[in-house]
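Chains as they are written, first to last, in the numbering used here: chain E, -17 to 382; chain Y, -17 to 382; chain P, -17 to 382.
Honestly, the hints are just simulated from the structure, not real lab data. Please note: incorrect hints may appear among the correct ones.
Heads up, the list lumps identical chains together, so a pair's fine if it works in one copy or across two of them.
What the hints assert, rightly or not - In silico DSBU-like links for lysine-lysine, alpha-carbon gap of 35 Å or less: (1) 0 - 298; (2) 298 - 104; (3) 39 - 298; (4) 0 - 75; (5) 136 - 299; (6) 0 - 106; (7) 319 - 39; (8) 345 - 106; (9) 345 - 298; (10) 104 - 136; (11) 299 - 319; (12) 154 - 104; (13) 298 - 218.
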Amino acid sequence: MPQGTTNNLSGSAYGRVKPFHDAEITEVGPGTPCGEFMRRYWHPIEMSERLGERPIKLRILSEDLILFRDRSGRPGLITPRCIHRGAPMAFAKVEARGIRCPYHGWLFDTEGNCLEQPCEGKDKPAFRARCRQPWYPVEERYGLVFAFMGPPNKKPLLPQWSPFENLTPDEKIVPDAASYSVGGDETEEIIPWNWLQDWENTMDPFHVVILHSAFSGPQFNPEMAVMPDVNWHDTKLGMQYTAHRKFPDGREMDRITHVMFPSLRSVPNIQLSGGIAESMGWLVPVDDNRHRTFHITRMPLDFEGVPLVTAPILDKKWSDMTADERWMMPGDWEIQKGQGPITCHSEESLGSSDTGVAMLRRKLRTQIRLVQDGDNPTGVEFEPSVLPFDIGAGNFYRKE
Amino acid sequence: MPQGTTNNLSGSAYGRVKPFHDAEITEVGPGTPCGEFMRRYWHPIEMSERLGERPIKLRILSEDLILFRDRSGRPGLITPRCIHRGAPMAFAKVEARGIRCPYHGWLFDTEGNCLEQPCEGKDKPAFRARCRQPWYPVEERYGLVFAFMGPPNKKPLLPQWSPFENLTPDEKIVPDAASYSVGGDETEEIIPWNWLQDWENTMDPFHVVILHSAFSGPQFNPEMAVMPDVNWHDTKLGMQYTAHRKFPDGREMDRITHVMFPSLRSVPNIQLSGGIAESMGWLVPVDDNRHRTFHITRMPLDFEGVPLVTAPILDKKWSDMTADERWMMPGDWEIQKGQGPITCHSEESLGSSDTGVAMLRRKLRTQIRLVQDGDNPTGVEFEPSVLPFDIGAGNFYRKE
Amino acid sequence: MPQGTTNNLSGSAYGRVKPFHDAEITEVGPGTPCGEFMRRYWHPIEMSERLGERPIKLRILSEDLILFRDRSGRPGLITPRCIHRGAPMAFAKVEARGIRCPYHGWLFDTEGNCLEQPCEGKDKPAFRARCRQPWYPVEERYGLVFAFMGPPNKKPLLPQWSPFENLTPDEKIVPDAASYSVGGDETEEIIPWNWLQDWENTMDPFHVVILHSAFSGPQFNPEMAVMPDVNWHDTKLGMQYTAHRKFPDGREMDRITHVMFPSLRSVPNIQLSGGIAESMGWLVPVDDNRHRTFHITRMPLDFEGVPLVTAPILDKKWSDMTADERWMMPGDWEIQKGQGPITCHSEESLGSSDTGVAMLRRKLRTQIRLVQDGDNPTGVEFEPSVLPFDIGAGNFYRKE
């Protein structure tokens, strides 16, 4: 019996290897290589102004936690189940000295010390000392609450960054937790895919020319449609790209974007105004399949609103777009979400335009292995003299 | 390079062991230690008055079942898929002699015997006898349907309890399936967490003083806010606590709550009226992560409504409360649900006020191991002369 | 101590073996026995008229795929993540030469060849040739798009079937993707249970007498309530049953239903009009727990609407029926869904009326093992001379 022919079926999807992701550089749970690397740094976990009467449930680096501020103003970050009998600290109430469990009234301070056990009769200091609620240190800066979730003997300084350390009296720093930077808006703060997809997209200046310009229309400044000459280079804190564009009117611009370990970035103004970038963002893994972003922006004192809002398309917000409109004009959200909860690195074809992505992954893997070998990774500092860090991102015009 | 310091980070949540639950005393599926212990007893599974034309889908002890009443009045409890071709008996219809499968019309009686196979041509008694629908015995008492899901040769008597066996002509027994006793209401009958969290809370008189009084305001009688002297003691059927309170007006009361194997309890009147408790409740595991409650209460013949409704808070029912209102005034539902689907016993710190909880778990484990060793557990009886059981819970005033 | 008695508890559900399904004849993923058998055939995957501007997401045989038609009219079927960086091809746009990824603009033709990589600078033919998007061949016939998802060297001819090859000028073929044939309607195209439950129901003429007649009232023609004499027999393409009925008015009818490998069927007109069946259907597994149906029907040229709509019950559509109405009058949807995502073959009791079901499973298993042994299964043809296939189903009156 004659058989089918193969000559027109090369490249068939039949029998291909099931795709998979690279766990080493993406997964963030306790004890994982990337998770332990991430736990050597301070991460922003909430905006300071949100800490009020009611404790806040958070999930950070695959750990469920409760964030609160006691009535003395101290922020605290503890595990979500009372160390006594597992009652939910999300239902606790804050007092001057700490937070009180609703079930049997145990009171804990912001470092998890048990201060009261009202049903135990007379005070039992030894038992009470053993009843310590697990906690993580937190500090506040730039309107954000930062947490350190790593080994106690590895707690570094909470860094400062130059653009936010020399404000004039007419300026302020505006923090934000919305998802504008990844194509969402203020309706979504939990971004449902792995953090690395978002971070490495930052080192890919070419998708701006296609996705945000040719394919979906000008989502940023129309001049972004010019194909740039790009080079990527190491920095002290991570890596940068410089994208050089020659505009039709003769101007030339170098756009420098900077990513810093473990998951920071400074992206210059997308309206292409010249000068040093005055905003910075953090990608904070919620767990392996989700992340959040926090941004700070230096703004005039009288500024109101959200600095990072991208231009609305179709006169409507992203969250109001229909499925058809998102198909017509996809943005970062649609693309990165479409890569899957964690993209399948086994099924990629990186080319020369992906040099930045490949370089970022390589550098990330190096840092992860440094931590595994017992060293401190880049950007983890214990000496105040090295702060603040310089960033140096921006849009720099050669001829203006 | 200098490193971070540990001196202010003791008790950190970093590196803690992943918490886990104690499976031996919580999980109830077929073949599990606690599941086999539970299967030595009769359990209420539905209110008798609900058995009508339409079969009822139930899940009990991790088994899916169909409960029905044939048109001759007999209740039956069978597996949910027809033994012929797996059709759903939830779509069956009841007849005088039993229940008929919709797919090919096989008729089964309440003991699973196949009575008709209309598509098989002339009757084939031998084949028909092999086609027996798996079933469990059921009996009705106190307005409830009870099932025995254990080994056929271990079926005990369905017990009776004294407070419900000597009614006057002016009294009746009111059965109920709502979740008032755990802080819910009639809108939720499936309680989404492990049965043991609910049961052991019954042996914890101290949470009444904090949760239901000081923390969330008086959810029961205001006098419950008085801190009691408590002792716990073994009983023939399980264990009791006696909570002794001295009220501001000089009265003194002993409040006795009784828990009985495998998952029964009699909690005295929460309005603190004196005398023997006249209600009793069962906790019935749906599966490892869910349970139901059934209660019976002795009431005047002309009583209408539900005996166990707790006082509404804020002039609204629990199911109408907002998330903020539940945070302001959490009750048993919020606390026990917040402990998780099964609480993590590995991450607890039991103190002297938890003596009852510890004792209940120890006694439960003993019963479970008795069954594993081939013995009959406490409260499983085969001799009518031992019935009815006495309970003896109540609010007893010393000076009144 | 006396024990319970067993004499009235035989057949108890206690201790029964956990039921399971027969994976060999039901599961369809890549590399599974039945999945590899299924992959030797062409399957319809969508109606041709639906291929427009926007790519269509499909799941077939447990594989996620993107179906599109380029602006030159060619249909294409590719994997859903761009082979470059995993971007979602569901957001791609079609052009004259193929389909373009939104992220970096790579353009692929319908056979997955990469035609453009706009961000890579000057063309790199060798790299571009390696960047082939995995694809499957598709062909169109009868208003349907067919795909071959098997080994390239095993691609057979896309078959033709006699009833659809000799249309008169006044006739047309009407394709449809709704779920009427399994008791649903046009609101559901994804049928949430394993394909085999639906297929083997076709070889069970007895459920028509009970489910569709005696139990739920006449869901088809009232004369279907007559109990038939049935015989089942092999055919060249699969198997048939002949159901012989003697109607009260003296007429006699042979109803012949034909199932063909891998998952085709031709069911005669349910209104019992005489003659050869002029419709045919395919069951297409979505994955192990879901399937779709596609039907074609030969109809007059001026026919409008859907040929397979069954008579509405209660003057309302299936999708408008309440849960109580579906319990009163269950149909194929309720029964087959109630068998579970995959029915438990270990807990069945097949009788003489199930001869067709048993025979179909046996024949299916034989075909699956043929493929495992390297042979071509029934109905896979490489020689045009054997086409079109005859079907021969229909309602044939002996005396009319």
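Tested hints:
1. 0 - 298: Intra 39 Å, inter 45 Å, cutoff 35 Å: neither.
2. 298 - 104: Intra 63 Å, inter 38 Å, cutoff 35 Å: neither.
3. 39 - 298: both (31 Å within a copy, 26 Å between copies)
4. 0 - 75: between (49 Å within a copy, 26 Å between copies)
5. 136 - 299: Classified as neither; 43 Å inside a copy, 50 Å across copies.
6. 0 - 106: Intra 58 Å, inter 28 Å, cutoff 35 Å: inter-copy only.
7. 319 - 39: both (24 Å within a copy, 15 Å between copies)
8. 345 - 106: between (52 Å within a copy, 27 Å between copies)
9. 345 - 298: Answer is neither: 39 Å inside a copy and 58 Å across each miss the 35 Å cutoff.
10. 104 - 136: neither (38 Å within a copy, 49 Å between copies)
11. 299 - 319: within (18 Å within a copy, 37 Å between copies)
12. 154 - 104: neither (51 Å within a copy, 46 Å between copies)
13. 298 - 218: neither (41 Å within a copy, 60 Å between copies)
When the structure is compared with the earlier hints, violations turn up for hints 1, 2, 5, 9, 10, 12, 13 and for no others.
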